[in-house]
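Q: Starting from the known structure of chain W, arrange chains F and L on it as the hints suggest.
Each chain, letter by letter, is given below.
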Amino acid sequence: MSGRVGETARQREGETGLLSPPSAPADAPPRPLAPSSARRLRGSGRWSGSLVVGLVILLAVLLLSVVGGWLVDPKDGIVGAVTPSQPPSARFLLGTDSQGRDVLTMLVLGTPQTIRIGLTAGVVGVAIGLVLGLLSGYFGGWFDGTVRVLSDALMTVPGIAILLIIAINVGHMTPFLMGLTVASLSWMYPTRSIRAQVLSIRERPYIAVARANGASEAEIVFREVMPNLLPFIAASFVGATSGAMLASVGLEALGLGTNDVHTLGTMIFWAQKYSAVLRGQWWWFGPPIAMIATIFIGLFFVSAGVDRFANPRLRQQT
Amino acid sequence: MSLEYLVTRVGQLLLIVFIAVTVNFLIPRAIPGDPIESALQTRIAMTGSTDVNVQEVAAAYRAKFGLDKPIWVQYLNYWRDIFRLDFGVSLVDFPQPVISKVQAALPWTLGLLGVSTAIDFTLGTLLGALAAWPRAPSFVRGLLPPFMLLSAVPFFLLAIVLLSIFAVELRVFPPGGGFDPVRIVRFNLPTIVDILYHAILPSMSLVLGGIGGWALGMRAMMVSTLGEDYITFAEAKGLPARRVFLWYGMRNALLPQVTRLAVALGSILSGAVLVEAMFSYPGLGGLLVGAIAGKDYFVIQGIVLMLIVSLALSLFVVDLIYPLVDPRIRYQR
Amino acid sequence: MRPNDAVGPAAEPVLQVEDFAVYYDTPRGPVKAVDGVTFALRAGERLGLIGESGSGKTTMGTALLRLNRPPARIVRGRVLLNERDLLAVPERELARMRLGEIALVPQGAMNALNPVMRIRDQIEDGLLAHGQLPKRELAERVAHALARVGLPPELADRYPHELSGGQKQRVAIAIATVLSPRVIVADEPTSALDVVVQRQVMLTLGRVQEGLGAAVILIGHDMGLIAQFADTVGVLYAGRLVEHGPIDDVLAAPRHPYTRMLVDSLPTLEGKRELRGIPGLPPPLLNLPPGCPFAPRCPYAFDRCVGETPLPQVVAPGQRVACHLYPSHAELPPPPAAAGARLG
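First to last, the sequence lines map onto chains W, F and L.
In terms of this note's numbering, the first sequence has 227 at position 227, counting the first letter as 1, and numbering is strictly consecutive.
Just add 1000 to wherever you are in the second sequence, counting from 1, and you've got this note's numbering.
Just add 2000 to wherever you are in the third sequence, counting from 1, and you've got this note's numbering.
Keep in mind the hints are simulated off the structure, nothing from the lab.
None of these values were measured; they are calculated from a predicted model.
Every residue gets a Cβ at the ideal spot worked out from N, C-alpha and C, and that includes glycine.
Some hints here could point you the wrong way.
Said to hold, decoys possible - Quick look at which bits of chain L chain F covers, simulated, 3 or more residues with Cβ under 8 Å:
| no. | region |
| --- | --- |
| 1 | 2099-2108 |
| 2 | 2126-2134 |
To be verified - Here are the computed distance ranges between Cβ atoms for each label pair:
| no. | chain 1 | residue 1 | chain 2 | residue 2 | range |
| --- | --- | --- | --- | --- | --- |
| 3 | L | Pro2290 | F | Pro1137 | 39 to 47 Å |
| 4 | W | Thr174 | F | Ser1100 | 51 to 59 Å |
| 5 | W | Thr174 | F | Tyr1075 | 26 to 34 Å |
| 6 | W | Leu63 | F | Pro1145 | 23 to 31 Å |
| 7 | W | Gly140 | L | Asp2194 | 33 to 41 Å |
| 8 | F | Arg1171 | W | Val56 | 34 to 42 Å |
| 9 | L | Val2195 | W | Gly140 | 48 to 56 Å |
| 10 | W | Ala290 | F | Tyr1075 | 31 to 39 Å |
Just chain W, same shape as in the assembly (with noise of 0.2 Å):
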């Protein structure tokens, strides 16, 4: 509807209106920002309320652990070192496990290992991500057409499946093995994300005068193309961090987590080895299901924040 008076008067606003064709969907791509246009972005107001909300929860985790670090004694959470199958008390905070461990021990020692464990796969999946949606996108021809059907498939298969091979074929699993497990499958959002965002950035007027003005290919990459994908890495990030801590929390309640380190999903593990749902013994496995729903929702709003100023659900697949 060309010419509307309403529409102009509302981009005069500021406002992107919806320029898409008709039953495109709503996330029309954003236009990419100049380089000098993303430094301005830290001081640009873009924090929503989402982010804010997130990250506070986030921080209020990691506090948790750091603080409850030095106030706990590592041996508290070996097994028969306390008394066991105590509910919660003045000396135990949170009660004993019925292998005689103390709960608060557990989940303060806990935490930040699956902390860990998803920093880990969300660093490498980046990573990954960064790499293949860079060449792919930037490249094109069969190197793409292979890193598209690959990472295709494997988002389509059940996650699970592909864990579990990995998983079982480890012999002793360590929190930074357990990373680079759930690694393996949090790299196709990534790649896929930026692979888009570089594809609808190549095209940019801006690519063509640096290239016109001699800079090689890589300086193309590196000068005009990268500072633009931070946003849409950043959103990456926490997507990844995020899948690949509800991989490993998976893969530890079925067992197939550390032996020897305390993580949430291990001590859930453990909680229904031993029945304790079954028992009433709710002090047990409900903190650790505490924990790992604040810090999932802590990573809902930071995500749904991070999305306010970078749409990585880029529809064009071309």
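A: Only chains F and L this time, still in chain W's reference frame:
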């Protein structure tokens, strides 16, 4: 439906199965060490059982899998075994073939998956569509945030919470299993009711955790659809609001939503497996827990392959539905 | 293309628009897209409303049927159709009047047909919304509606994506006229169509309209198209009707300076001439200053134009103009030689 379309979709599914099976083949062999021997050794170490003669079984499998043969031969043998549905023998319940265990579990998983997905897709889509419609009662919009928060929590954690509240504390629902073990299972109404009764909590875990995602996606699609010109023209015809909402709005917004269903099936299946594990539900998930505990390597492999096949089948079903929803697909390509 | 003037349209007005105003609510204040438009439409009359982008013409098209969406808001006015005010009737009555008495023919560029419904269903649901009909009669009405716009009945079982642009527009006309409305509002019905198809669609619209004896409001920016089709023309500028009268009279001797410049800007087949445009841009409709909105671009402007908003006045039978040059002048004087020259 055009033949080309069918062939394309089948081809894509076969490709997925092919890639997944190949990955399943490569990974154990990529990791150093003899997987079977180490699995057997671990099993003995973990469970302390010596009912299986390690050397005998290892030797039999080595011969069968031809681990000394070149990798090409192994690969072809692998495929041959898959087509013959020969996944080996369970270590936990030696010598029961893996395929029989997995076969028994599969219908439970498919049933749980199918019913739960149908419910939460329908409810979530409806909720999302109403939330986008200006004429809907305002309490609908208030329903969204709690479901969205719930959807951030993993399904199996919801499962544990539901289990502890409703099965243990309130004793309204059974604490696990697919049916009452005491009952004689026959295909009659009481059995069906019993099965449904046992399925409610596992299903609820999937539904409660899933609605938020569907609703959010549908709401976005509806908002976009309601801005289309054909909505304005429909109103200009003096059509009742309900007709515009359902036939002009929802019907069009549904198309991308169904696509999203196809994409999400993999992760829903993963979630269903974990939920089953928590409830000891006799599907692939319940089987999995026992297999992991007993380090039953072949059963786990069998479950993995069966999961991939389940997904391929589910995707196929969704793909068949799609042309019914979007007439444009019918006549194109 | 125009009906024979001897058999002219009947005298009583079938549609009366009084002081119609539609504003857009923006954070910076109201944007007055339509600001007090008044006109009457007789049965069978073809009114062409012409204006540039930003004149408010499209807003008016949808708002006349109360199809405007937030932030567009109908602020005041009456739209009387058979003595009932479209802007005040309750929802149910409005739904009945839509399509039954006043119908919208959508823009040519619009995606006005539901992609997942067959043509037949889209014609039928309009019919069914206005009363129950037996199946056989429904099918007959559908075939008749398609025939009336020159389309074969087999088209009814197709989906919109199988049709060409021109065919889709004719289907839209078929849908709009299926209940024989008294007023048809056609908002740029031929935009985005090529010239040949444009003519076909306009001919179809004209034929159908005549057959029904309906009045048409044709909204557009193409003076040539309107000149060929309309009986009466209304010139919109900045949300106001600055001139209104029979097309021949207005074209031959435009009274408002803007109309004059619009007519002058039309390329002509008679002889070569330098193309003329209208310098300047249409004014932003937010916080429009008092006075004539055309004053900044008007070569005839004088002090009265800046402070006082001109009201429409009758300068000849059936002709109105909103300009301070009248009634002191009988017609538009030749343009002043120097900019800023004073008159009157």
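Q: It remains to establish, for every hint, whether it holds in the given structure.
A: How the hints compare with the structure:
Residue count for the region 2099-2108 of chain L with a Cβ under 8 Å from a Cβ of chain F: 6. That meets the three needed, and the coverage hint holds. By the rule of at least three residues with a Cβ nearer than 8 Å to a Cβ of chain F, the coverage given for the region 2126-2134 of chain L holds, with 3 such residues. For Pro2290/L and Pro1137/F, the hinted distance range of 39 to 47 Å is satisfied, since their beta carbons lie about 45 Å from each other. For the hinted restraint 51 to 59 Å between Thr174/W and Ser1100/F, the CB-CB distance of approximately 36 Å leaves it violated.
Taken as a hint, the range 26 to 34 Å holds for the pair Thr174/W and Tyr1075/F, whose Cβ atoms sit roughly 31 Å apart. Under the hint 23 to 31 Å, the C-beta atoms of Leu63/W and Pro1145/F, about 26 Å apart, fit the expected range. Under the hint 33 to 41 Å, the C-beta atoms of Gly140/W and Asp2194/L, about 36 Å apart, fit the expected range. Here the CB-CB span from Arg1171/F to Val56/W is close to 39 Å, well matched to the stated 34 to 42 Å.
Under the hint 48 to 56 Å, the C-beta atoms of Val2195/L and Gly140/W, about 40 Å apart, miss the expected range. A beta carbon spacing of about 47 Å between Ala290/W and Tyr1075/F contradicts the range 31 to 39 Å that was offered as a hint.
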